[in-house]
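J.: Sequence:
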Amino acid sequence: MSTERILQKVERLSYLIEQHAGLLTHLETERPQHDDTIASLRQQFEAHIGFLRINLESYTALQLSIISALHESPTDLIQATAVLLPQPPFDTPASSHQGRFAFYAVRRGRTTGLFNSWDDCHRSVNRTSNEYRGFDNIDDALAYINQPARSH
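This note's numbering applies: residue 1 is where the sequence shown begins, and numbers increase by one.
Hint data in this document are derived by calculation from the structure and do not stem from the laboratory. One or more hints might be untrue.
[Said to hold, decoys possible] Quick list of simulated restraints, FRET-style, between CB atoms: (1) R5 - R31: 23 to 31 Å; (2) D136 - H48: 22 to 30 Å; (3) G50 - D136: 23 to 31 Å; (4) R12 - T111: 18 to 26 Å; (5) Q8 - T29: 28 to 36 Å; (6) D136 - L56: 43 to 51 Å; (7) R100 - G50: 14 to 22 Å; (8) Q19 - S40: 13 to 21 Å; (9) L64 - E30: 39 to 47 Å; (10) Q8 - Q44: 24 to 32 Å; (11) I6 - A39: 48 to 56 Å; (12) N137 - T37: 29 to 37 Å.
We put the beta carbon where it would ideally sit given N, CA and C, even for glycine.
The task is simple: from the sequences and hints, build the whole structure.
T.: Below, the structure written as structure tokens:
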């Protein structure tokens with residue numbers, strides 16, 4: 001997911017938070033007999049929003065650092081992380097796409113991002129509404145990922 005799309009989602013989240021906070025305030029005014037229930041809902045809502053914001057900030061920071069590292073030295077980073085990527089089991093049947101491209105970029109699927117094997121890409125996009133492509137070089141794959149996904 002591109003940084004622009006993340007920021008759009010953050011704006012949408014902020015709007016929803018304002019709406020729900022306003023609704024809770026309205027309920028406090030209109031339904032004083034339910035003060036305890038409303039106070040409990042507000043506390044739960046604020047805790048959930050705090051948790052969501054922390055996760056969103058962490059995700060955004062991680063994505064930006066990965067993209068920055070890939071732009072600075074893509075070959076070194078991919079070679080360093082290739083060891084950490086799970087290897088498919090030995091009994092996995094050969095796929096017609098296996099080894100066809102060096103990189104698979106997924107803009108929409110179960111998991112978005114860059115994959116270096118068809119099997120990993122396939123697990124992300126199989127039986128989902130998806131958008132992905134294979135690439136021979138990382139720069140083209142990154143450019144594809146950073147383009148907005150098409151609306152369906």
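J.: For each hint, tell me whether it holds in the structure or not.
T.: Against the structure, the hints:
The given range of 23 to 31 Å is broken by R5 and R31, whose C-beta atoms sit roughly 38 Å from each other. The hinted range of 22 to 30 Å is not satisfied by D136 and H48, whose Cβ atoms lie roughly 44 Å apart. Range check, G50 to D136: Cβ separation about 44 Å, and the 23 to 31 Å hint is violated. Here the CB-CB span from R12 to T111 is close to 21 Å, well matched to the stated 18 to 26 Å.
The hinted window of 28 to 36 Å between Q8 and T29 holds, with their beta carbons roughly 32 Å apart. Restraint check, D136 to L56: a C-beta distance of roughly 33 Å breaks the suggested window 43 to 51 Å. Between R100 and G50 the C-beta distance comes to about 45 Å, which lies outside the given range of 14 to 22 Å. Here the CB-CB span from Q19 to S40 is close to 19 Å, well matched to the stated 13 to 21 Å.
In this structure, L64 and E30 meet the distance hint of 39 to 47 Å, their C-beta atoms being roughly 43 Å apart. Our hint of 24 to 32 Å for Q8 and Q44 holds, since their Cβ atoms are close to 26 Å apart. At roughly 33 Å, the beta-carbon separation of I6 and A39 lies outside the given 48 to 56 Å, and the hint is violated. Judged by the Cβ atoms, the range 29 to 37 Å given for N137 and T37 is violated: they are separated by roughly 58 Å.
Checked against the numbered hints given earlier, the structure breaks hints 1, 2, 3, 6, 7, 11 and 12 and satisfies all the rest.
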